[in-house]
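Chemist: For the record, the sequence lines run as chains Y and C.
Residues 96 to 423 in our numbering are what the first sequence lists, from first letter to last.
Residues 1373 to 1708 in our numbering are what the second sequence lists, from first letter to last.
Treat the hints with care, since some could be wrong.
[To be verified] Across the chosen pairs, the derived CB separations fall in these ranges:
no., chain 1, residue 1, chain 2, residue 2, range
1, C, Gly1398, Y, Phe284, 43 to 49 Å
2, Y, His190, C, Ala1696, 55 to 61 Å
3, C, Gly1398, Y, Leu208, 50 to 56 Å
4, C, Gly1524, Y, Gly130, 24 to 30 Å
5, C, Lys1701, Y, Leu405, 45 to 51 Å
6, Y, Ala201, C, Ile1560, 26 to 32 Å
7, Y, Leu405, C, Ala1696, 39 to 45 Å
8, Y, Asn294, C, Arg1670, 40 to 46 Å
The set of hints was computed from the structure by calculation and includes no laboratory data.
Since the model is a prediction, treat every value here as computed from it, not as a measurement.
The beta-carbon is built from N, C-alpha and C at its ideal position, and this holds for glycine as well.
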Amino acid sequence: MKKKKSLKEILTGSREVSLILILIALLIVVQILSGGTFLTGQNISQIFRNNALTMLMALGMLCVLLTGGIDISITSILAFSGMTIGLLQKYDILHNTFLLFVIAAAIGLGCGLLNGLIISRGHVAPIICTMGAMYIWRGLAYVISNNAWASGEDVSGFSDFGKDGAIGPYIILIAVYVLFFIVMKWTRFGRRIYAVGSNPEAAQVSGINVAGVLTKVYMIMGVLAGMAGALSVAVYASAQPNMQYGKEMDVIAACVIGGVSMSGGRGTVLGTFLGALFYAIVAKALPLVGLQAIWQNLIKGIIILVVVLLNVLTQRAMDRANLERREI
Amino acid sequence: MAKKSGRTIDATPKGGVKRLIFRWEGGLVLIFIAVLILGSLISNSYNAVSVLREMPKYLCEIIMMFAMGYILIIAEIDISVGAIVCLSATMGCFAGNAGMPLIVVALVCVGTGLACGALNGLILTRFRELPAMIVTLATQIIFRGIAEVTLGSGGSVSFQNAGTIMPLANMVGPIPVVFFVVVAAAIIFIFALSRTTFGRRLYAIGSNSTAAAYAGIPVQRIRFTNFALIGLMAGLCALFYLSTTLGANTTTGQGYEMDVIAMCVFGGIATTGGKGNLVGALIAGFTIVCLRIALGQRNINTQLILVIIGILLIVSVLIPAISASLSAKKKRKTVA
């Protein structure tokens, strides 16, 4: 009796553990259905390479969602920074991979700072501010591109960084995830983000500069979106103004599957990683188990909905169990 | 009783909020006139007739805008409407191609939209813990996914019996039919919002839904009605979309949800709920439509419009926010 309870507690108590179990079950099913062709080194590395952008930006989105905000301008920032460095190469102004990454991140930082200031100092609702930013940066990406795009030839040197088989995207992913894991768990700044998200008034009263934390959170998101812009150019070996259009919803969905609450204060780096991985594996596995590409979005959407609804149901069950325990 | 509560709502914030809203709509009218002048300056063919002729393409978004205004006033959001338009237009197209008469095509469009909206509403009222943002995000992907599956590998369908749907694309004199639909919708929605119990309840829910529930307002039923309503209007939007484009594809309606929310916010409706009205949104909607037509006629990089809408959007929310914080500071000073 006692043992059963503790097992149940482990399963429902930690979001990460249940996600890992679901992931393992999913992998086994896919492995069997695909006749053992799914879990190969090549497939796994492709999963990470093709979803590096989502995984990278999901970390920034985690911080933003933790404060109870949302940022839907990320793919526009991505397009603007990616287009900028694409054009820098197209017109032979700059070809240094490292400098191009720095420029992309700096553009992202600027965009994020603007979002952060408008939201924290101007007291504008995050969805509205970032919606405006979404229009502005996407529009500017079109305007600077002047209806042209940077082709694979233009960015040939730069795309060596992210081409199939290069280790660039993996290094960035690992470095950023380790950094965020440490920052969110063990530094003062990371804990302040949680404090602001759980209860902004209490955080303010206890001496935390709430507006400052908010601004920094959107700046982090901006830097990651800017870097994702450079990474996108490297991985897909081209830059168009319409790149990754609408993909911000994928990033938010990855976070939500990973257990990040949209009302703030709840969510972890590990959960975000698992959520993004889950999303990526499903996308990769569907064609392998015989479902055509046109079914992908429908199934992705249903999975998100089911995960979100299950989350509510388990939360309700947990609350009820807690109440019962208290009555005894 | 409604009269009494209406009076109390008006009486308290008369100094600040009401004057601001008043000024806001005045400002919008000025911006609207400025856009018209700008349009006639940059393009020779920019006149009432040509603008009205090009309008149907853009007007179908405004049909949805009123319902989105309701949704925002009760402090909710619906980002699935673009996908609902896509699905409804797809279904309408197939109905038309099967040789159905116009009335059936219309019913299919509106019915599909209503069903999608009702599904949103059902989930949101059964699972009240969930924010509308995440639910409509998921259903957005699902609705578009259903459309993708229906459309098959080609990803698009065209309306073959164009004659069926042509009556909707007709002109009455210089005025397109859809213009009358927008005007009728505007009158109904504005009247219902400001003069009926239902409308005033929306404000009550948006200001404080817990208090509204304790005051006996059926909050969940009204939430459901609103989500079903916006689905229905999205279906109507899809019908008129079909009449102008004569076809649907997987990207149909992409970004409509953001355009419509932008029009509402630019028109002075706060996404935090309980504030704003549809008159402002109507002027804002027509301002954006006329601006688009002006830039389109001049062949100015049409994406520049995105930058302009974005800036308008941010500035239009920054101004009230800043003036509110300034007046709060002043009040604090006088108290001290």
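Chemist: CB of Lys1701(C) to CB of Leu405(Y), is that within 45 to 51 Å?
Modeler: With a Cβ separation near 47 Å, Lys1701(C) and Leu405(Y) satisfy 45 to 51 Å, so the hint holds.
Chemist: Can you tell me whether the CB distance of Ala201(Y) to Ile1560(C) sits inside 26 to 32 Å?
Modeler: violated, 51 Å
Chemist: Between Leu405(Y) and Ala1696(C), does the C-beta distance stay in 39 to 45 Å?
Modeler: Between Leu405(Y) and Ala1696(C), where Cβ atoms are some 41 Å apart, the hint holds.
Chemist: Do the beta carbons of Asn294(Y) and Arg1670(C) sit within 40 to 46 Å of each other?
Modeler: violated, 52 Å
Chemist: Starting from the range 50 to 56 Å, see whether the pair Gly1398(C) and Leu208(Y) falls in it by beta-carbon distance.
Modeler: violated, 33 Å
Chemist: Range hint 55 to 61 Å: satisfied by the CB atoms of His190(Y) and Ala1696(C)?
Modeler: At 49 Å between Cβs, range violated.
Chemist: Quick check: does the Cβ-Cβ distance between Gly1398(C) and Phe284(Y) fall within 43 to 49 Å?
Modeler: holds, 45 Å
Chemist: Against the range 24 to 30 Å, how does the distance between the Cβ atoms of Gly1524(C) and Gly130(Y) compare: consistent or not?
Modeler: With Cβ atoms ~27 Å apart, the hint holds.
Checked against the numbered hints listed earlier, the structure breaks hints 2, 3, 6 and 8; every other hint is satisfied.
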